[in-house]
Amino acid sequence: MPPRIRLRPCALRLRNAAPLSNPLCASYASLAPATATTPAPAIDPTRAAAPILRYPPTQPPSHKPPQVRKTQLHRTYQSVLKSSPLILLFQHNNVKAVEWMSIRRELATALRKLDAERAKNGYEGLIGDQIKFQVITTSIFASALRVVEFFKPEENTMDHVQHPTDPQTATSAQIPQTSNSPEDEAFKHGLSRRAWEVASNRKLKSELEPLLSGPLAILTFPDVSPQYLKTVLSIVAPSPPNFPAPKRKANPSYFEPEVQSGLQKLMLLGARVEGKVFDSEGTKWVGGIDGGIDGLRAQLVHMLQGVGGQLTGALEGASKSLYLTVEGRRMDMEDKEKGDKPAE
Amino acid sequence: MITRFLTDVRVRFNPFSPRAKPARVFLSLIPPNARADGMKVETKVLPRTSTEPATLDVKFKDGKELKLELDKMRIPEVMEEVDRHSRLLARKEELTGN
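Residue numbers (the numbering used here), protein chains in the order written: chain X, 33 to 376; chain C, -15 to 82.
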């Protein structure tokens, strides 16, 4: 058996490995096992580097450690905020797990019923199963909201990557080099350091900020649909004239004690509709739009038709009256002529 | 916070005002079973434009009423105010041996 040679781990490292300014960065950079085992070589500005991506394309280096739950929650909330144009905000005061479960069940059955009805009437865009009611971590949600509202990167997140895996890319291709460190200015994703810097500017105030304290839950819609909003409001925050709760005979499970006691502890605070903030009254107004977007279109068409009719009437009026007077005069003269003739 | 001796809680607040925080936190301090055990909780969410101060009305088991303006207070102060009478009631209950 040949003698074992002990290798010091530092001898394996490349000599010109990029010096890390902050020792903590090492843990940030250890996103992918590939990059963790072979550290990226230093980028020499004078020489063209091969078009190699130094991090997995789906995991660009982030400002905070990516393996932490907080970071992932932050990312999730950003995507929720970006993908749902209608969000209802609720405060939940010690709602028990059983009560959550039964409220979600009632919501799901009501939405399924609405979906079936819409499918029968030939509507498209059934979003009933994508409407979610979830409890959020308020502070992380507030931070994610700031990133979504104030951080507007000019280009797509992955534009700078430039297809390093594409075989057509020449090995001598010049690509804007992005290093594997979060300090790089080229990163424009929501967890990047630049996003964090922009969002931590306390001078920027978002409208929703005062709402974001205490225990919160959000109800997210993938589309602004007043019909779905109406159904959801009548289940979760019923108010008699416009959003009545389902009748006891039609839906006895809604009146189970778990559902009712859970609903007592939920408070509708406000809503975020396509970036604008509404209070509970405003939310009810949105939910009260009859027939949704189609209803609005029909109203608009009706209104425009009415305007057109009035306009033509007004324009016609002058010429019509002129015609009538002239015609009257002609009749009058003819009558006179007729009257004169028999007199002769 | 001692909530055993509260029978009636009324809260009015405008969630869009930053001063509504103590009112909302107070509501979240009420235990999950309180409503089932006979406490009445009424919350009124004011519209966004209202400038009314956030108020809290509490009734105790012995009939004492407490009205607090939550605008200038912080949640520890609110708890202190409410607990002051609750502690008295707890002491009385203990002495009568119930």
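What the hints contain is simulated information worked out from the structure, not anything from laboratory work. Nothing here was measured: the structure is a model prediction, and the numbers come from that model. Heads up, some of the hints might be wrong.
To be verified - Subject to a maximum C-alpha distance of 30 Å in a straight line, what follows is the list of computed DSSO-like cross-link-like pairs (lysine-lysine): (1) C:K5 <-> C:K48; (2) X:K128 <-> X:K220; (3) C:K28 <-> C:K76; (4) X:K316 <-> C:K28; (5) X:K235 <-> X:K184; (6) X:K262 <-> C:K24; (7) X:K262 <-> C:K56; (8) X:K237 <-> X:K308; (9) C:K48 <-> X:K237; (10) C:K56 <-> X:K102; (11) X:K102 <-> X:K152; (12) X:K352 <-> X:K316; (13) X:K114 <-> X:K237; (14) X:K281 <-> C:K24; (15) C:K43 <-> X:K279; (16) X:K102 <-> X:K279; (17) C:K56 <-> X:K370; (18) X:K237 <-> C:K45; (19) X:K237 <-> X:K128; (20) X:K164 <-> C:K45; (21) X:K128 <-> C:K43; (22) X:K164 <-> C:K56; (23) X:K128 <-> X:K279; (24) X:K128 <-> X:K316; (25) X:K128 <-> C:K5; (26) X:K184 <-> X:K220; (27) X:K316 <-> C:K45; (28) X:K308 <-> C:K76; (29) C:K45 <-> X:K114; (30) C:K5 <-> X:K237; (31) X:K279 <-> C:K76; (32) X:K316 <-> C:K5; (33) X:K114 <-> X:K262; (34) C:K28 <-> X:K308; (35) X:K128 <-> C:K45; (36) C:K51 <-> X:K235; (37) X:K235 <-> C:K45; (38) C:K76 <-> X:K237; (39) C:K45 <-> C:K28; (40) C:K45 <-> X:K262.
Cross-check of the supplied hints:
For a cut-off of 30 Å, the pair hint linking K5 (chain C) to K48 (chain C) stands: about 25 Å separates their Cα positions. Using a Cα cut-off of 30 Å, the hinted pair K128 (chain X) and K220 (chain X) is violated, with the two alpha carbons roughly 40 Å apart. A distance of roughly 33 Å separates the Cα atoms of K28 (chain C) and K76 (chain C); the hinted pair therefore is violated under the 30 Å criterion. Under the criterion of a C-alpha separation no larger than 30 Å, the hint pairing K316 (chain X) with K28 (chain C) is consistent with the structure, at around 16 Å.
Under the criterion of a C-alpha separation no larger than 30 Å, the hint pairing K235 (chain X) with K184 (chain X) is consistent with the structure, at around 16 Å. Distance hint between K262 (chain X) and K24 (chain C) is fulfilled; the C-alpha atoms sit about 28 Å from each other, no more than 30 Å. A hinted pair counts as satisfied when its Cα atoms are at most 30 Å apart, and K262 (chain X) with K56 (chain C) does not qualify at roughly 37 Å. With a CA separation close to 13 Å, the supplied pair K237 (chain X) and K308 (chain X) stays within the 30 Å bound.
Annotation: proposed proximity of K48 (chain C) to K237 (chain X) is violated, straight-line Cα distance about 42 Å (limit 30 Å). Restraint check: the Cα-Cα separation between K56 (chain C) and K102 (chain X) comes to about 33 Å, which exceeds 30 Å; the hinted pair is violated. Only pairs whose Cα atoms come within 30 Å are accepted, and K102 (chain X) paired with K152 (chain X) is rejected, the gap being roughly 43 Å. Between K352 (chain X) and K316 (chain X) the CA atoms are separated by roughly 48 Å; this puts the pair beyond 30 Å, and the hint is violated.
Taking the CA atoms of K114 (chain X) and K237 (chain X), the gap is near 18 Å; set against the 30 Å cutoff, the hint holds. For the suggested pair K281 (chain X) and K24 (chain C), the alpha carbons sit about 27 Å apart, so the restraint of at most 30 Å is met. Note on K43 (chain C) and K279 (chain X): the hinted pairing is violated, with a Cα-Cα distance of about 33 Å set against a maximum of 30 Å. For the hint pairing K102 (chain X) with K279 (chain X), the CA-to-CA distance comes to about 42 Å; that exceeds 30 Å, so the pair is violated.
Annotation: proposed proximity of K56 (chain C) to K370 (chain X) is violated, straight-line Cα distance about 95 Å (limit 30 Å). In summary, the hint linking K237 (chain X) to K45 (chain C) is not supported, as the alpha carbons are separated by about 44 Å, beyond the 30 Å threshold. Pair hint K237 (chain X) plus K128 (chain X) does not hold up; C-alpha atoms about 33 Å apart against a cutoff of 30 Å. Note on K164 (chain X) and K45 (chain C): the hinted pairing is violated, with a Cα-Cα distance of about 40 Å set against a maximum of 30 Å.
Using a Cα cut-off of 30 Å, the hinted pair K128 (chain X) and K43 (chain C) holds, with the two alpha carbons roughly 25 Å apart. Distance restraint check for K164 (chain X) and K56 (chain C): the Cα-Cα separation of roughly 37 Å exceeds the 30 Å cut-off, and the hinted pair is therefore not satisfied. A hinted pair counts as satisfied when its Cα atoms are at most 30 Å apart, and K128 (chain X) with K279 (chain X) qualifies at roughly 24 Å. For the suggested pair K128 (chain X) and K316 (chain X), the alpha carbons sit about 27 Å apart, so the restraint of at most 30 Å is met.
A distance of roughly 22 Å separates the Cα atoms of K128 (chain X) and K5 (chain C); the hinted pair therefore holds under the 30 Å criterion. Our distance criterion of 30 Å between C-alpha atoms is met by K184 (chain X) and K220 (chain X), whose separation comes to about 9 Å. A threshold of 30 Å between alpha carbons decides the hint, and for K316 (chain X) with K45 (chain C) the separation of about 37 Å lies outside it, so the pair is violated. For the hint linking K308 (chain X) to K76 (chain C), the alpha-carbon distance of about 53 Å lies beyond 30 Å, and the restraint is violated.
With a C-alpha separation of about 49 Å, the suggested pair K45 (chain C) and K114 (chain X) falls outside the 30 Å cut-off, and the hint is violated. Simply put, K5 (chain C) and K237 (chain X) have alpha-carbon atoms about 17 Å apart, close enough for the 30 Å limit, and the pair holds. About 46 Å separates the Cα atoms of K279 (chain X) and K76 (chain C), which puts this hinted pair outside 30 Å; it is violated. Between the alpha carbons of K316 (chain X) and K5 (chain C) the distance comes to roughly 23 Å, so the proposed pair stays at or under 30 Å and holds.
A distance of roughly 22 Å separates the Cα atoms of K114 (chain X) and K262 (chain X); the hinted pair therefore holds under the 30 Å criterion. Restraint check: the Cα-Cα separation between K28 (chain C) and K308 (chain X) comes to about 23 Å, which is no more than 30 Å; the hinted pair holds. The hinted pair formed by K128 (chain X) and K45 (chain C) meets the criterion: a straight-line CA distance of about 26 Å does not exceed 30 Å. Distance hint between K51 (chain C) and K235 (chain X) is unfulfilled; the C-alpha atoms sit about 36 Å from each other, more than 30 Å.
Restraint check for K235 (chain X) and K45 (chain C): the C-alpha separation of about 47 Å exceeds 30 Å, so the hint is violated. Of the pairs offered as hints, the one joining K76 (chain C) and K237 (chain X) is violated, with about 50 Å between alpha carbons and a cut-off of 30 Å exceeded. At most 30 Å may separate the alpha-carbon atoms for a hinted pair to count; K45 (chain C) and K28 (chain C) meet this at roughly 23 Å. The straight-line distance between the Cα atoms of K45 (chain C) and K262 (chain X) is roughly 40 Å, outside the 30 Å bound, and the hint therefore fails.
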